[in-house]
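Participant: Chain by chain, the residues:
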Amino acid sequence: MKYPAIILIFLFFAIAICSFAYCEEAYVQEWAPYSGVENLSLKDNVLELHSTSSMPLLTTKGDLLINASRLKVLEIKMKSDKSYMTGRMFFRRIGDPGFNYFNSFEFQTGLNNMYHSYLVDLGRNQNWFGTVTQIMFSPINGEGSVEIENVRFLEPSLLFSVGTFWQEFFTFERPAPRTINFIYGPRINGISVNVYVYWLMIAMAALIISFYWLKHNDIKDVIAVAPTKLLLLCLTFWVLLDARTIFDQLRTGITDYQIFAGKSLEEKQALSTNASYYDFYYYLKSCGEKVPSGSSYSLVVPSGFFYFIDKSRYFLYPTYERTIEAQYVLVYDPQNMVKAQDIPAKDHKKYADFGNNRYILKRTVIL
Amino acid sequence: MIIFKLAFAYIFPVLLGYLLVALISSDEGKLSAPEKIAISYGIGVGILTFIMFLIGAFRLPMDLTTILVVCAILFAYPLIKVIKNMRVPNMSTVRIDLKSIKWYEWLLLALISLRIFYSYFSALIKPVEDVDAFADWGLRAKVFFFDHGLSLDRTRGYFFGGSHSDYPINIPLLQTWIFNVLGSWNDLLIKAIFPTFLLALVIVFYCSMRRISGRPFSLFSTYLLTTLPFLIYHSASAYTDFPLSFYFFSSFIYLVAFLLSGDLSFLTISSLFAGFSSWTKNEGIMFALVDAIVLVVYLYYLNKHEIKSRLETVARYIAPILALFIPWSVFKLIHSIPTSSEQTLHFSQLFKNINRIPVLLGDFYKKSFFYGHWDIAWFTFFLVLLISFFIKRSRRENLFVLLGILLCFLAYGAVYFLSDAYVWIINGTNINRNILAFMPLVMYYICSTIVEIFNDGFDSKRKNSSKP
Numbered sequence: 206m207k208y209p210a211i212i213l214i215f216l217f218f219a220i221a222i223c224s225f226a227y228c229e230e231a232y233v234q235e236w237a238p239y240s241g242v243e244n245l246s247l248k249d250n251v252l253e254l255h256s257t258s259s260m261p262l263l264t265t266k267g268d269l270l271i272n273a274s275r276l277k278v279l280e281i282k283m284k285s286d287k288s289y290m291t292g293r294m295f296f297r298r299i300g301d302p303g304f305n306y307f308n309s310f311e312f313q314t315g316l317n318n319m320y321h322s323y324l325v326d327l328g329r330n331q332n333w334f335g336t337v338t339q340i341m342f343s344p345i346n347g348e349g350s351v352e353i354e355n356v357r358f359l360e361p362s363l364l365f366s367v368g369t370f371w372q373e374f375f376t377f378e379r380p381a382p383r384t385i386n387f388i389y390g391p392r393i394n395g396i397s398v399n400v401y402v403y404w405l406m407i408a409m410a411a412l413i414i415s416f417y418w419l420k421h422n423d424i425k426d427v428i429a430v431a432p433t434k435l436l437l438l439c440l441t442f443w444v445l446l447d448a449r450t451i452f453d454q455l456r457t458g459i460t461d462y463q464i465f466a467g468k469s470l471e472e473k474q475a476l477s478t479n480a481s482y483y484d485f486y487y488y489l490k491s492c493g494e495k496v497p498s499g500s501s502y503s504l505v506v507p508s509g510f511f512y513f514i515d516k517s518r519y520f521l522y523p524t525y526e527r528t529i530e531a532q533y534v535l536v537y538d539p540q541n542m543v544k545a546q547d548i549p550a551k552d553h554k555k556y557a558d559f560g561n562n563r564y565i566l567k568r569t570v571i572l
Numbered sequence: 028m029i030i031f032k033l034a035f036a037y038i039f040p041v042l043l044g045y046l047l048v049a050l051i052s053s054d055e056g057k058l059s060a061p062e063k064i065a066i067s068y069g070i071g072v073g074i075l076t077f078i079m080f081l082i083g084a085f086r087l088p089m090d091l092t093t094i095l096v097v098c099a100i101l102f103a104y105p106l107i108k109v110i111k112n113m114r115v116p117n118m119s120t121v122r123i124d125l126k127s128i129k130w131y132e133w134l135l136l137a138l139i140s141l142r143i144f145y146s147y148f149s150a151l152i153k154p155v156e157d158v159d160a161f162a163d164w165g166l167r168a169k170v171f172f173f174d175h176g177l178s179l180d181r182t183r184g185y186f187f188g189g190s191h192s193d194y195p196i197n198i199p200l201l202q203t204w205i206f207n208v209l210g211s212w213n214d215l216l217i218k219a220i221f222p223t224f225l226l227a228l229v230i231v232f233y234c235s236m237r238r239i240s241g242r243p244f245s246l247f248s249t250y251l252l253t254t255l256p257f258l259i260y261h262s263a264s265a266y267t268d269f270p271l272s273f274y275f276f277s278s279f280i281y282l283v284a285f286l287l288s289g290d291l292s293f294l295t296i297s298s299l300f301a302g303f304s305s306w307t308k309n310e311g312i313m314f315a316l317v318d319a320i321v322l323v324v325y326l327y328y329l330n331k332h333e334i335k336s337r338l339e340t341v342a343r344y345i346a347p348i349l350a351l352f353i354p355w356s357v358f359k360l361i362h363s364i365p366t367s368s369e370q371t372l373h374f375s376q377l378f379k380n381i382n383r384i385p386v387l388l389g390d391f392y393k394k395s396f397f398y399g400h401w402d403i404a405w406f407t408f409f410l411v412l413l414i415s416f417f418i419k420r421s422r423r424e425n426l427f428v429l430l431g432i433l434l435c436f437l438a439y440g441a442v443y444f445l446s447d448a449y450v451w452i453i454n455g456t457n458i459n460r461n462i463l464a465f466m467p468l469v470m471y472y473i474c475s476t477i478v479e480i481f482n483d484g485f486d487s488k489r490k491n492s493s494k495p
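Sequence order for the protein chains is F and X.
Heads up, this note's numbering is the position in the first sequence plus 205, with the first residue counted as 1.
Heads up, this note's numbering is the position in the second sequence plus 27, with the first residue counted as 1.
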């Protein structure tokens, strides 16, 4: 009896070790800058670079020939001086004309200035099959320094499943404009964690009720005992979910601190206004200094930029936004997207120019 | 200097509220000191902004001096009366024996404090940035501040603040008050308004739980309330949904306190909060109606007093609500401020809109159960409901809370069913913010029913253990 038990334990550990081990892997070692990358260098087998855009891109040199049918795990070990950014990996298979968003994976980075290993389940993308010949990699989605220790493709294993489960559960849901209406919450395999909790609760309820039914054989006793157990279980899950919420709030706090701490009110207002149009707040500030208080203005921005109009109303008061017959016309078009007919020419002259298609027109004819 | 100004800006409404609360509830033992202060914040804010509204409506300059003078005149009598009745507080009721607090209670207290700290940090690290917060509420506050009034001149731009003119102005005027005290426009420092509502909510929730359960479970319940991600997010943004949530919860919970004790001071506090709900957001009047219906149901079925006395109770409840609601409605009438088209009910479409029902139910089901706004709170709510049904024992006041929740559902359902606000369900912007308004009440139901279930469970165990 003793020996079979030892053999069974040995077999269990052997299987566990085998299932945790990675079998086949492919490293990506040679990278070339594609765009938005400066100072790319290799030091002690660590790739260092500085990003100058919202999507710095590196591409692999030569054909990789990755067996996508077998290697379904991507492991990236890297660090950045920016916390909680979003990285993206594009892939191109034999015969693909180029890179596109459908053939890409997203991952989230962790706290800054620390090495983290990120595991990405490539099998989730239905286009991940065949032979992959080239990779394009954007480690972060903004300006900052990055160090990449390794990028490798692996076969899936139990360790990987646990790793991705963990990473997915703790994926940082960064507050966004939509958060005021909507919070996604944690997801695993694309399904809300709540669903797993509900199924676990149903299974546990069945077990608890069966157990007490077998023990007491009296429905009244089951009703007396089982609900309290179920509720305790439910509250336990609730507290566990809260652990993740606390972690998310901590990360939000860190991100906010890194962005806003030590800044003046004006800098904070600029940072919370601009998003990708960094100078819009400062443009409004200049307009506020030029346009006399109490006068009216209309704002000309590319179509669909309603948010900018609301911001201008908010920041420029006591000047008034008026869509028709305004005394001043504020033009903000750094990317040259406004149609010429949308900018009034007749009865207007240039009042102030801030360069780069940002200027103020003044109505010459008083109505 | 700015610290002192800011402290004054936030303490002054609490003092106003405290004077009123002290007048309403003169008995020392009824409300604990923290609870009184929490209530005072909500009531004080409402009273202060309503005074500002009246100043503005009569076209007086809405500056700091005028506001302080009017407040001094109006609050001279309550102040004298409170000073007259002031007694040296019995410190034994205030002092807490720290040694009696168990480690897990410290832990829960730490977790609750962490959430409140996070809310303050998150609010005060950055200025107003959520869209409606600046495009609507924030803009109106700024316009009122720069114009020293309610901007009622239609010939100039931005009539009545420049945004949705039919929205009540409790929160914009509170921001204006802070700008007035600071002497400048600062959209960062006004954000402490919202975490302070969280602090007040946490205290009121804890105290309401404490009336029916022990300290450990009251702390645990309060901790559960602070775990709701959507509630915490809103407590740091500058939307008015969270203050509405505080006002409605407080109105209902003091109504429940009245049902439990029959103490009329709770009824007055509840009606003030109900009135301020309608002064915070348009749907607040709907919540005041929910409160009133629950009161009427209670008086009709359970109150043993004479009909005249019951009618007096209803009148006593409705009077403060109307005192706040009527001037606001008359003001809108005088200045021809129409109700927005989305909020107008179209009863003629009663049968035409029948296909909206599955959409509304489906949206609630999805948003409540499968996203991160409320974690598993709604699942727990239905579990608790199911268990209490099986146990067939529920506290009377819990049935009223359940009725309140049901009425909230029906009221929102009716609005979306009969109005063009339905579009906000389709585009997914509103339902969670609507749920936020009565979510603390749902949490109260969950926690108070758990107290009930556990008591019942333990009683049964005791019965079982006495079996041979």
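Hint data in this document are derived by calculation from the structure and do not stem from the laboratory.
Wrong hints could be hidden among the right ones.
Think about it this way: if two alpha-carbon atoms lie no more than 30 Å apart in a straight line, the pair counts; the simulated DSS-like pairs of lysine-lysine are [said to hold, decoys possible]:
1. F:K490 <-> X:K153
2. X:K32 <-> F:K490
3. X:K129 <-> F:K284
4. F:K434 <-> X:K129
Participant: Against this structure, judge whether each hint is valid.
Facilitator: How the hints compare with the structure:
1. F:K490 <-> X:K153: holds, 18 Å
2. X:K32 <-> F:K490: holds, 26 Å
3. X:K129 <-> F:K284: Answer violated: X:K129 to F:K284 is near 42 Å, above 30 Å.
4. F:K434 <-> X:K129: holds, 24 Å
Consistency with the previously given hints fails for number 3 only.
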